[in-house]
Each structure stands twice: as C-alpha cells, then as structure tokens.
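S.K.: Okay, here's what each chain looks like letter by letter:
Protein chains: 2
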Amino acid sequence: MDRRKFVSALGLGLGAAALTACGQDNKDSAKDAAQAGAAAEGAGKSPAKTMEWKLVTAWPKNYPGLGTGANRFAERVTAMSGGRLKVKVYGAGELVPAMGVFDAVRDGSAEMGHSASYYWKGKHPATPFFTAVPFGLTAQEINSWVNFGGGQELWDELYGEFGIKPLPCGNSGTQMGGWFRKEVNSLEDIKGLKIRAPGLAGEIMQRIGATPVQMPGGEVFTSMQTGALDAADWVGPYNDLAFGLHKVADYYYYPGWAEPGAMLEMMINKDKWDALPDDLKAIVKSAAEAENQHIYDEFTAHNAEALKQLVDEHGTQLRRFPDEVLMKLHETSEQVIQDLVAGNDQARRIYESYKSFRESVVPYVAVAEQSALNVRSMVLDQKQPG
Amino acid sequence: MDRRKFVSALGLGLGAAALTACGQDNKDSAKDAAQAGAAAEGAGKSPAKTMEWKLVTAWPKNYPGLGTGANRFAERVTAMSGGRLKVKVYGAGELVPAMGVFDAVRDGSAEMGHSASYYWKGKHPATPFFTAVPFGLTAQEINSWVNFGGGQELWDELYGEFGIKPLPCGNSGTQMGGWFRKEVNSLEDIKGLKIRAPGLAGEIMQRIGATPVQMPGGEVFTSMQTGALDAADWVGPYNDLAFGLHKVADYYYYPGWAEPGAMLEMMINKDKWDALPDDLKAIVKSAAEAENQHIYDEFTAHNAEALKQLVDEHGTQLRRFPDEVLMKLHETSEQVIQDLVAGNDQARRIYESYKSFRESVVPYVAVAEQSALNVRSMVLDQKQPG
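Protein chains in written order, with the numbering used here: chain A, 1 to 386; chain B, 1 to 386.
FYI, nobody ran anything at the bench for these hints, they're computed from the structure. Check each hint, because a few of them may be wrong.
When chains are identical, the list treats them as one kind, so a pair holds in a single copy or across two.
[Said to hold, decoys possible] With a straight-line cut-off of 30 Å between C-alpha atoms, the simulated DSS-like cross-links for lysine-lysine are:
id: 1; residue 1: Lys281; residue 2: Lys49
id: 2; residue 1: Lys355; residue 2: Lys308
id: 3; residue 1: Lys86; residue 2: Lys285
id: 4; residue 1: Lys281; residue 2: Lys61
id: 5; residue 1: Lys123; residue 2: Lys355
id: 6; residue 1: Lys328; residue 2: Lys49
id: 7; residue 1: Lys272; residue 2: Lys49
id: 8; residue 1: Lys270; residue 2: Lys194
Note that this is a predicted model, so its numbers are computed, not measured.
Construct the entire structure; sequences and hints are all you get.
M.R.: This is how it looks when you write it as structure tokens:
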C-alpha cells in the first residue's frame, strides 16, 4: 500500500490524516476481526445481547481533538447501551490505514469509521460539501444545513449508494490559513510558492500560480526547514503548536479561507445500522450529535490557549492574507467548485442545496453573530479583523 | 400567584417565558403527580423497570425552538432508554408556571426542567453567566467554557446547593437588539424611551436613561401599537415574526448586545439524578448535549428564513445601533456586572472564570471565525456589518 499515492490521489485536509503511521496492509487481520465479530453476534437477525463494534479512524489514536473525540464517542455508546454495544476505537494504521476507513466501513470489515467526508472525493465529487469547501459554511451553518436545511437527506442518499449511513461528528471550527516562511504581500508573492495545500485548496493554489505539494504529514516539518516547502497548511493552533510548525516558519496566516469549519463524520455500515434495534440506533445518533459539539468545544478552548502561546511565547507573527489574494482565491474557488460538480447531476443537486442555504444564512449571520463579534472588537478596543 | 410580580422581580429574557399562560397555582396537582410518580417507581433504592419523569418547561408547549427542543429531548431519552425512562413534557402553566420551574425541580415535584439559568437571578446573582451576559460569550464560546473551561464544574457547584444537576440544552444564537418605533441615531434618542428590556438589559437601559418596562409577553404587541411602549426586545427573527412585532414597529436593531448567545438549561432533581443507573445518566447527558446543538440549528435555519421574510415581504428596516450607544451600553454593562457579583464570593469566582475564558477566546475567534465571516462579506461584496 503506497501511502504517498493515496494522499496525492485524494488530497487531504485536516492535516492529521496524513500523520498516520500507515504500516502494512492490515486487510487480513481486519477480515479476521470481522469474522470474529460476526461469530460473536450470532447468525440470527436479532442482535445478540452484547456486540462489540470496531470504530476505525482516519487519525492516530488519541490525536488531540480528533482521536480524543472518537474515544469519547465510543465511551458514550458503550455507557448509554449499558455495554450492550461496546465500541472499540482503532487508530489509523492499526486495522486499516487512514485512507482505508471508507472502504472498511463499506465492506463491513469495520462497523464504524470516524473521518472527514472530503477525504473521499475520489469516490464521489460531492463529498467535500459534507466537510468544508472554500468560502463555504461555518461550523454552525453546516450543522444547520445538515439538520434543518436538507443536508442530512442528501448525505444519506449519497452515502447510501455506498452502503454507509453518515452522521456529523465533530468540527475543527475555522482553520488557519497556514504557515509561511516569508510574508505574502501580494498575489505576486504567491506565484511559484511551494505549498503543502490539501484537497480543493491545492487545486485553487495551483490555479493562482503556486506549486502545491502533496506530502505525508511526517515530512512537512523537515521540508519547511530545508526550504523544500515555503508554506504549509495544517489544521489550527491546537494541532499546529504540538506539531512544532512555529519552529520552521515565522508567519501564521488567517483566515482559513479553504475550511471555514471542517465537519467530521461518523460512518456506519448500513446493513449493520439497519439491523440495530431502535434504542441502539437512537443511542448512536445522539452520541454522534453530542460529540459533534464536544469536539468543536475542545478545539475552540485549546486553539485559544495554543494561539496565545504561539504569539506570546514563540513570537509567531499573525498575518491576514491581503485583499487581492483573498479576492482571487474566492473567484478561483467558485470555478473549481463549478468544475467539481460539472457533469454529475447528484453533485450539482447537493451543491445547489448547499449554495441556497448559504444564500439564506449569510445575511442573517451578518446581523447576528458577525455583528456581535465586530461590535465586541470595537468596545474592547481590539483591532477588528478584516 | 402574581405573574407580573414574578416577571418584574426576576427580569426575563428569551421573551418566550413571558408568553406563558400562567393559570392558577398548580402546586397541588404537581404534588399529586409527584406522589403518583414516586408510587410508580416503588420504594426501593434501585429504579423500577419503567419510570415516567415529568419535564416542566419555562415555555409554552411546542413553542418554536424552545418547546420543540424540549419535545425532542424527551423523545431522545425515551427512545434511547427503550422506554425505561419515559419523559413527558409539560408546557409552562400546565403543571407549574414558567417561573416555577426551578422550584419544581428543586423540590422534586418535577424531575426535570427546561429553562434558562438567568431566570433565577433572584435565587443567586451568578445564574446569568450560564445563559448570557451583555457583550459576553457567543453560543460556541459558552459551550467551550462549560465543557472545557471549567464552567460545568462551577455550575454543578452552584446548582448543587439547590439540589439540582444542570446541563446545557440549547441556544438561541445571537439575538436581535429589538424593535423600535423610531430610529435611534444617538444616545440622546435612548433617553426616556419606554422599552421592554428584560433582565440585565433592562437595568443597563435604565442607567443610560431609558425607562425599562416589565410586562408579560401578551401585552407587548398592544402596548407597542398604542405607544405605551416605544421599543421591545423579544428574541430573534424566528419568534419575532410569529409574534407579529413587524406590524407595530418599522425598525429592527442589531446586534443583540445583551445576549450574544443565550444558552438554555436542562435541570434535573439531584436526588433523582444521583439515583439513576449509569446508563440512564449517560443517556440523559448525551440527549441534552445533542439537543444543545439541535435547538441552535433550528434557530439558525429558521431565523435566516424569517429575517428574509421580514425584510423582503414586510418592509422591516434593519438598523445597527450607533457606535456611541454601543460604547455606552458596554461601559454600563461592565458596571452592572460588577455590581451583580459584588459581595458574593461564589458569584465573583464564576465571573472570574467566565471573564478569563473570554479573554482567552476573543483573540482566537478574531483570527478564526470572525475573520472568515468578514472576509466572506468582502468577497461576496456584502456590506460588512459593524
């Protein structure tokens, strides 16, 4: 299994997935485990008294914000079901590699998977709408679209074709725009820049003249140090500080235009889901929804602390991208998204629903939270961010 | 039971609580019901196979966003427990009046209550910190404080003294600043204004020269029509449109400086909570956390639609409060909050924790979501809200 190939074929965001210690192909052991699980469940249609489900994840075990969230989800289900449905978490590479999570859930070798929908763009072009697209919905907006704007129904339809039931399960919040070794003062400064920019962001960066480089997370630090990379987009302060990127770049850019709020997903094998009794279905659903919030809370609190540390203790320089760069990134994003959904009716329908929700919510958020935040900056005499 | 006295003594926000059809004092019937419940549960320490719990609410049954959320919470618990813990929802006035919810949960005549902590300012001055305070935390920020900033522990301690276990369970998001019959162009225009402004907002409005009027929700519409009121703060577009306030006032002000994100609460009688088996405890906890998000999603999606309708179909004029008014409101808010916690060590400790979290999170949110929203306004050529 060529991990580099995976990464470059799919294009990753949320940095962490690329951190994975991939190991060799564990398909055989996955199959063994699946068979053992099936045997334990018995052959009948009604579920056995006690089930143990495997939850494979696209992140290393216990990875802050992502792996910790998967652990809490598993604890919730196990506790709420009084142990009737035990969930065991596997870090990326333990049972299947990070990029094998979708297929493992699809073929039932794992009952559940915790990952991000945009990893599966190679399976279907519409998957990024269920994580984040450039200049798209924020965390709260995507939650509202999924739960009250028709998003869940479209997601069920899309993933249903792969035999998977999806649920929202976590959010990184607005990410940062990445680490740069030199200041970016104009569009010209982007030209030729070797940048690790995942997924759609990489495609957009390429179209505006940068040279996106796909590489596993483990190589990013050294590449920044040697100059093989000029810039790198990772996740946000919480994960970036731990990863040490402030040691190899001075400038930390915002906003995370490419990921205004990256929603994570809990995937459940649909046959297994359909066979669950109603109480366990309700338990899995509420556990995912509760954890959807809790993961975002963990990111928010720890991002705040980490950012303070970066600025106060490590001298990290915060910079906002210049207007002309942001305008060009937006214009190009629209083209890339159009190209993404072109020629695929289902992708276009999902895009139209997403777009129409964005059109509805943007003017409301402007007079609600956005205005409240800007007014708070004013009264606190804080420089209002652009 | 004098409802007006209640309302003016406590000071209400979230408009809806004041809508309540209060009815007469239902304490006797509440007691009867409690006794019947206790009998059904049996006298032993271990819970009976099936329990039915009463959930009293500070809102009318099925009230959009608030009552609907209570209904879903009850359905979640009932479904997840496979009917072992059935939760029955009572609208305000059905079993106890809106403002009797805290005492009903405290004395165990209802096992659970859905309300907002700032209604109980008369019980303890620190309760508003667990809903919203002027220029305070947004919805996501208060969730993060509660779950990862020490807020839950402080809330448990505070409510524990009243024999209540509290959990977050819903959020209105940033509210609006209220309906005004005339434009507000300066601080001078606020002077003498008869305004229905609940809770801390009323106190602040009074200090800057307005005349806050406390009145039941049912009288607001007529009072605005006759000129007995010049302005009224209700909730947000979703509830305000249904309430018809656009018919009696032209100007809809933002931002909701007094409630940047009003968190709702699920209260559980602590003896009943402590006696729950672990699986049911886990179920109640995840149900509240899942609904915490879901209610906010319902508000976001419907506020967006309602605002569009108000502006496009009813000619509502959106106005931002002038800078000098907002600066004065903030300055006065700080004094009112200082006075609120003065002389109460526990209140001061809670305030210090809240304030310290705000200081940590504000600079992070500025470069994350706030910047992303402002940049989105720029690239979409949308007038950036102040």
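S.K.: Classify it for me, Lys123 with Lys355: is the Cα-Cα distance of at most 30 Å met within a copy, between copies, both or neither?
M.R.: Classified as within: same-chain Cα gap 22 Å, cross-chain 46 Å, threshold 30 Å.
S.K.: Tell me, please, which holds for Lys355 and Lys308 at an alpha-carbon limit of 30 Å: within, between, both or neither?
M.R.: Result: close only across copies, 16 Å inter versus 35 Å intra.
S.K.: How would you classify Lys281 and Lys61 at a CA-CA limit of 30 Å: within, between, both, or neither?
M.R.: For Lys281 and Lys61, both the intra-copy (25 Å) and inter-copy (27 Å) Cα distances are at most 30 Å.
S.K.: At most 30 Å between C-alpha atoms: does Lys270 with Lys194 qualify within a copy, between copies, both, or neither?
M.R.: neither (41 Å within a copy, 58 Å between copies)
S.K.: Could you place Lys86 and Lys285 in one of the four classes (within, between, both, neither) given a Cα distance threshold of 30 Å?
M.R.: both (15 Å within a copy, 18 Å between copies)
S.K.: Have a look at Lys272 and Lys49 and pick one of within, between, both or neither, based on CA distance no larger than 30 Å.
M.R.: Intra 15 Å, inter 28 Å, cutoff 30 Å: intra and inter.
S.K.: Using 30 Å as the alpha carbon limit, work out where Lys328 and Lys49 are close: within a copy, between copies, both or neither.
M.R.: neither (58 Å within a copy, 63 Å between copies)
S.K.: How would you classify Lys281 and Lys49 at a CA-CA limit of 30 Å: within, between, both, or neither?
M.R.: Cα proximity of Lys281 and Lys49: in one copy and across copies (15 Å, 21 Å).
Taken one by one, the earlier hints fail for this structure at numbers 6, 8, listed in ascending order.
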